[in-house]
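Following the hints, position chain B against chain A.
2 protein chains.
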Amino acid sequence: MRLRRIDHVGYAVTDLDEAVEHHRRLYGAVVTHTETIERDGVREALLAVGESFLQLLEPIRDDSPVATFLRRHGPGVHHVGYGVADVTATLRDLRAEGIRVVDEVPRHGSRGCLVAFLHPKSTMGALIELVEDPSRPTDGIPGDARLRPRGLTPPLHRTLGTASRDADGG
Amino acid sequence: MRLRRIDHVGYAVTDLDEAVEHHRRLYGAVVTHTETIERDGVREALLAVGESFLQLLEPIRDDSPVATFLRRHGPGVHHVGYGVADVTATLRDLRAEGIRVVDEVPRHGSRGCLVAFLHPKSTMGALIELVEDPSRPTDGIPGDARLRPRGLTPPLHRTLGTASRDADGG
Numbered sequence: 001m002r003l004r005r006i007d008h009v010g011y012a013v014t015d016l017d018e019a020v021e022h023h024r025r026l027y028g029a030v031v032t033h034t035e036t037i038e039r040d041g042v043r044e045a046l047l048a049v050g051e052s053f054l055q056l057l058e059p060i061r062d063d064s065p066v067a068t069f070l071r072r073h074g075p076g077v078h079h080v081g082y083g084v085a086d087v088t089a090t091l092r093d094l095r096a097e098g099i100r101v102v103d104e105v106p107r108h109g110s111r112g113c114l115v116a117f118l119h120p121k122s123t124m125g126a127l128i129e130l131v132e133d134p135s136r137p138t139d140g141i142p143g144d145a146r147l148r149p150r151g152l153t154p155p156l157h158r159t160l161g162t163a164s165r166d167a168d169g170g
Numbered sequence: 001m002r003l004r005r006i007d008h009v010g011y012a013v014t015d016l017d018e019a020v021e022h023h024r025r026l027y028g029a030v031v032t033h034t035e036t037i038e039r040d041g042v043r044e045a046l047l048a049v050g051e052s053f054l055q056l057l058e059p060i061r062d063d064s065p066v067a068t069f070l071r072r073h074g075p076g077v078h079h080v081g082y083g084v085a086d087v088t089a090t091l092r093d094l095r096a097e098g099i100r101v102v103d104e105v106p107r108h109g110s111r112g113c114l115v116a117f118l119h120p121k122s123t124m125g126a127l128i129e130l131v132e133d134p135s136r137p138t139d140g141i142p143g144d145a146r147l148r149p150r151g152l153t154p155p156l157h158r159t160l161g162t163a164s165r166d167a168d169g170g
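In order, the protein sequences belong to chains A and B.
By the working numbering, the letter at position 14 of the first sequence is numbered 14, and the numbering carries on one by one without gaps.
By the working numbering, the letter at position 42 of the second sequence is numbered 42, and the numbering carries on one by one without gaps.
So here's chain A without its partners, still in its complex pose (with noise of 0.2 Å):
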């Protein structure tokens, strides 16, 4: 089986600090992560459910693809990461069957990550992300310390407005 653990379920959301005090409130979630995705246009922010994360993302260009997602729909689901082993041989494989991409070869995503997106098109209506993190496993047997993300260090307890050491230099 290709895909290793759900990574991430990716959310449009209009007001990042908004929604993270929405999880905060109702589900005590804490944030994990916040970068800023320049080359995606949004703002994010993880918070970390099991071996996943719960992804929040705010557009901050009117032509991120997560801004037209919002326009065309509202809020709501808008990606799902898949973990793999091999983005790269995973994506090779996938495009040899037919299946239409979004990014013909892997890139820098989230947390330093090399991903791809899949086609909606291609994969039954649902905008897929393959995701390739070296510092979770992906023999599908979870349960030890590598399944926490990269440079990382818990107690997690930081908020957006208290981060300061994240990518998007907040």
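There is no bait here: all hints are sound.
Counterexamples of contact, computed for chain A against chain B with all Cβ distances above 10 Å:
hint : residue
1    : Pro65
2    : Asp86
3    : Arg100
4    : Asp103
5    : His108
6    : Phe117
Now the stretches of chain A that chain B is said to cover, found in silico as 3 or more residues with beta-carbon under 8 Å:
hint : stretch
7    : 21 to 27
8    : 51 to 64
9    : 122 to 136
Source of the hints: derived by calculation from the structure; they are not laboratory data.
For each residue, glycine too, the CB sits at the ideal point set by N, CA and C.
Then chain B, alone, in the frame of chain A:
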């Protein structure tokens, strides 16, 4: 943190057999469970992905919520299910916070788990299902035999066509 893991991502599909074959061909995914959930008007196939499931949902009636979703949006992500330790307590607390719910009291869903859906109007646009599965760990430290859904016997190489002991009697 009340959400202990992503239990599943639920995809609305028009043809379950085709969707299963798609995931087998592209990712090597195997079906670990099939079930017809009369109350929800769907038949489902679960594909294990790490500590989570990819849930494929095909409507069996025109008045199924998944059928309505397909007419409005086409195939794609229908909802996200999160594992919680106690659905009854979580639902009670969320309702006390003013969260709109679909299920006022927990009910039995896929795999016999106690479940409850929250209303997208109160969850930033996403349809969220709370799932209590006593066979799965709720302490956030996965990795042992309890991860295996109840009643499933590995190796999990059954396919929809050969599953004979499933809840739909197929």
